[in-house]
Each structure stands twice: as C-alpha cells, then as structure tokens.
Amino acid sequence: MEFFLQLLVTGVMLGSIYALVALGWVLIYKCSGVLNLAMGELTMIGGYVCLSLYIRFSTMMSIESAFLLSVVGTLFVGLCLGLITERLFLRKMIGEPILAVIMVTVGLSFFFKGMVFIIWDTDTQVFLPRVFPIEPYEVWGMAVGQVYFWSFIAAMVLMTVFVSFFKYTRWGLSMQACADDEMAALSLGVSAKFVYALAWGIAFMAAGVGGSLLGNINGLNYSVSLLGLLVLPVVVFGGLNSIPGAIVGGLVIGILQNLSGGYLDQFFPGGIKEIFPFIFMVFFLLFKPFGLWGWERIERV
Amino acid sequence: MSSYLPCGTYHESYRDEQKWWRTPFIKGKMGLMVILALSLPLLVRLDWVGGEWLSVAYTMNYYILAALGVQLLIGYCGQITLGHAAFVAVGAYCSTYMVLFIPWPAFMVDYGLAYPLSIVCAGILAGLWSVLFGLPSARVKGFYLIMTTMAAQWITVPLVITQYVSQIGGRGVALSIPPGTIKVGPWVIDPSNDEGIYLFSLVLVALCLLAMGNIARSKLGRAWVAIRDNDIAAETMGVNIVSYKLLAFFVAGFFAGIAGAFYISALSFVSPEHYEWFYSLLWVGIILIGGVGSIQGLVFGSAFVVLVFKLLEMGVLGLSSGLMDSYPELGWVTTKIIFFKESAFGLAIIFFLIYEPNGLAYRYWQLKNYFNLWPFSYTGKGA
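Top line first, the protein sequences correspond to chains A and B.
Counting the first sequence from 1 gives a position; the working numbering is that position plus 347.
Counting the second sequence from 1 gives a position; the working numbering is that position plus 5.
Because the hints were derived from the structure by calculation, they are not lab data.
From a predicted model like this one, the values you see are computed outputs, not experimental measurements.
Ideal Cβ positions, reconstructed from N, Cα and C, are used throughout, including at glycine.
Be careful, since some hints might not be right.
[Said to hold, decoys possible] Computed footprint of chain B on chain A; a stretch qualifies when at least three of its residues, placed anywhere within it, have a C-beta under 8 angstroms from a C-beta of chain B:
1. 435 to 442
2. 505 to 512
[Said to hold, decoys possible] A few chain B residues that don't get close to chain A, going by computed Cβ distances all over 10 angstroms:
3. T14
4. P46
5. E57
6. I85
7. I129
8. I160
9. L180
10. I237
11. P380
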C-alpha cells in the first residue's frame, strides 16, 4: 500500500508537468485548429534555453534566484520564438487540410531538433550546481524528491496563471471567443491573427517551463522530447478541445505511467513505462472516440 | 488526374483508353526509362560517376517501396498514418528470422528460394500487424486515428521489437546476417554485390508499382477513393467502409513488409534504429513533397529526398574538406552533418507545403500538358 501511494504521489507530481505542457497544446488547438506534433521539441528547446541561461546566471548570484531568473528568461525566449514561428510558418497554413498543417508542425519538429543538436550537442547535460538538493521531503510520511515537489508547485502556479489569464483578461476572453466561433469573433472586432500568435506564444512558454522542470529531473537529452511527446496521449485522453481535460489527463497519464513502471515492469522488462500511455490511449479510444470531454463532431454529407 | 492527350490522338474502344501506355510517345518514354534504369550499373563504372550512386539508387527504391503503403493509406484511402516504420520493421525482422532460424531443406537454400519466400511471408505478417492497428479506424478518424498509428510505432519498435523480438537468438540488439545467406535464385544479394541489390530492388519496385497501379483502377481502388473523398457518402452508396479500410491497412502493411524484407539485403543486419519514428515521418514527407494520391509523385518525392540528402552530404563534406585548411575551427560541421540533414529536411517539408502544396507531380502534370496542348497551351490551375 505504501508503495502504491508513493507511486501515486510521484505520478501526480510528474503528471502536473505533463498537464502544463498539454495546456499549451490545447490552447493552440482550440484557438487555431492546429494539431501540433512539435510539442516534444518545444519542450526540449525550453529545457536547453533554461540550462544555458542557468549556467550563465549561477556564477553571478545565488542558485535559487539564478534558476528563477532563467525560468523567466525561458518564458521570454519562448514567447519570442512562438510569435516568430507562428508568423513565419503557421499563419500561411490557416485553412489548409489537416494533414498539411500537421506535417508543417512535423517539419518544424525536425528543424528544431536538428538546430538544438547543432547548438547544444547530443550529450546529456545536467543542471550544475544542482538546483534542487537530493534529500527528499517528507509528505504525509512519504518521501518525495524535492525536484518533483517544486515542479508540482511551479506547474500548479503556472497553470493557475494561464487559466486565469484565459478566463479573466481581455486577451484571454478574445482567445476564448476565437476558439468558440471564429467568424463571430472576427465580426466583433477580435483580431484572429493576434489570437493565433498569442496561442503559440503561450504554448512555447508552457512547453519551455515544462522542459526546464523535466530537465531538472533526469538531465537534458533527446528523451526530454519523447516525454514532451507524451502530451499527445494526455490531450487525446482528456479530449482535444477541453482545458480541464488536459489537466485531468496530465495527472492521470502521469499516475498511470508511474504505476505501470512500478507494477508492470517485472512482467514486461524494458521500456513499458514510456509506452504504456500509448497502449492505454489506443484502448481508451476504442471505447470513447472523443476522449473524456472532447466535442463530438456530428458530420453531414 | 489524367493528362490531356496530344491533338489528333483518339481511342476507338474503352480498352484502348484504359491502357497503361496509350501513345507511341509514352511507350518510347517508358522504354527509355527502363533502359536507363537497367544501364545504371554500367553507368556508375565510369570514373566521373562513382559507385556510391548505386547505393543512392537502391535507397531511393527502398523509399519508394516503403512510402507506397503510406501513399495508399493517405493518398488513396484518406487514412493518415504516422507509424509506417513499425510495419517495415515487422517485415524486416520476419524475413531475417525466417532466413536465419528456419531449418530450410537443402534444395531451398541451393536454389535461393528461402529469401523470396520469406519476403512474401514478411509482407503477410506486416499486413496483419497493420490491420491490428487499423482496427480503431472503424470508430475514430482524423487526429484520433493519427494517434493510434503513432501508438503502433511506439508499441512496435521501442517495446516489442527492441525488448523482445531482437532478444531471440541471444545475439543482442543488432542482428547481423552472415554474408552469402541472402540468395535470390543463384544470385547472392548482399553489400558486396551492389549491382545485385539494385537490380533486385528494381524488380520489386516494378512489381509493386504495377500492382498498386492496377489496384487503384479496380473496384477496390475506386472504393478507397470514395472513402477518402467522403466516407459517409461512400457508406450511403453501399461501400462497406470498415472492411475496405481494413483491406487498405492490410495492403499498405504488405507493401511495407516487402520494403523491410528487401532492405535487410542491403544492410545485411537488422537493428531497431533503422525503423525509428523519423522514418515514418520521412515517408509521409516524401509523398507530400511528391504529391498526394499519385504514384508518379511517390517516385518524384523519393528521388527528391534521396538526392537532397546526398547532395547535402557531398556539399557539406566538400565544403569542410576545402575549408578545413584555412578554417580548422569549422571541423564541427562534419560531425553534425546528420542534424543539418534533419533540419534541411524539415525546412524542405515546410516550404513545399507552403509554396507547392500540390507536390512535384502537379508540376510534372502541368509540364506534360503544356507540350501536349502546344501551341495552345494553358497551364493555369484546374483540369
């Protein structure tokens, strides 16, 4: 039982990072209808940007403020990259068929991956000096790594910020309007281009923070982008256009991943932990083809 | 998308109109292509050409075979797949294990029948594996279907093949095939015999493209195109969409299996790293660059991608060896060439989709019509 609870708590904390990245994905999909397969690479870019900023800053100030500052820097770089990407590539694809748009994001993912490895090399890099000490915290009698704990806090804070931005600010409301009915939003004076740009900026920011947190857990290398790819089972589970779905889906996938790693690994040695969300997703889709809270599309000929 | 015939060419029966090669000019063109393809092994013996172009040519043929199934699923049946490398991997492993571990009777080995038989079996097994992951297509479509095909990739290659299948025989993850094992008839096909690989790939490509072309203009192909254009309308017209979709997955998997089983002869080993997700995406990129829903487009796309990779490699290597003397600090470029390739390929896909969304096949179609209708050519958009 204690083992189970342990896995559960760690799963929730890992899942909160997935939920954060999935939130960015769902925002893009809701606002502009783009199915983004480059999310893993965005996560990786965020991690590497944060790392190089951290290495610069950590020589100048204390570790905590250096890390905070580099996360803020990552947010800024992510925003700029998101706006540029949207302007250069995605805006031209508005209204094109679904496969074309998906493949543009795939092309982006190749481009970003190649660029990341050209700039930062393929070796695993770690945050040195360590941002979070190894000694675990005690939470209700269970040992929880400090990395996981603070990642959970950070993901929760950022998620609250993003959701309240979406719900209560003027820009967020225009994004909601655009997601709901683009034509109506346009006729009421909402600029769709601005909304798309904003959505990509936010997605890059969310993925960037997710990447810097994931990079703190196991170090940064290509596998971070595979973890970022896990956002796809998350959003499919929750339903493509549901923000609560993304958050719940992130937590559930995080828990499932940890439980499968803990219990199934003895029967299926090897990479079951990374693959299990995909297996789960296939079976889930057979029973609920639109995820938990996704909109069912009713088609006419 | 059939092109216009030149002025003054008429058909007197439907049979004539349905022919593959309809005019003497087309016959001559195709004949020339066959001669050119067959003479490539002689051509590369010339000093200024170089033998490595033969391997470029059979890599292109491999890409054609592998992307054929993707073209079928995406271009003809409208089922987007992003996990085709999984089925290629199934074919490759099936063929390897059949050749290596089945105690073949002596005459099968002597006459080189084991490998051709294993290619057919690999195709069937890969087809069945593909049907397994095509089953959700009965219920889901669009992005949700893309996710299940992606799951096929992630379940098959990193888990099933790397962790379990490649442990059979206890030789580790990369399984090498002893030289001389892979025989087709009396000919040994392995990396010491580039010409053999090339000619064998040519035969396979010709057979598969012929099969695909004929399927596409049969009842089966018309049903697939109906499903692609609007599946609900197709269902109301009496097309059983579930069975036709599954059949599309089976045939696509069959072609993928053949591709995988062929390529082990060129590699002479199998290892999961040749079937990563990158390749699934590469093959979708090939058909997008070439043109969706066209067999010519498949060939153009494969040729384009292979040539771009090759030229990029030559360019970067030439550049770095030329510059190395004067700028030794640029040496890192050669070590990272694979990432330059990847970035360039990504940008190529993006720019093709933005500026040439109909693919290379559309440009070729325009060019053909320009000459067929000359001097009253109209090369605008539309039929």
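Against the structure, the hints come out as follows:
| no. | hint | verdict |
| --- | --- | --- |
| 1 | 435 to 442 | holds (count 3) |
| 2 | 505 to 512 | violated (count 0) |
| 3 | T14 | 35 angstroms, holds |
| 4 | P46 | 33 angstroms, holds |
| 5 | E57 | 23 angstroms, holds |
| 6 | I85 | 5 angstroms, violated |
| 7 | I129 | 23 angstroms, holds |
| 8 | I160 | 6 angstroms, violated |
| 9 | L180 | 17 angstroms, holds |
| 10 | I237 | 5 angstroms, violated |
| 11 | P380 | 36 angstroms, holds |
Hints 2, 6, 8 and 10, counting from the list given before, are not met by this structure.
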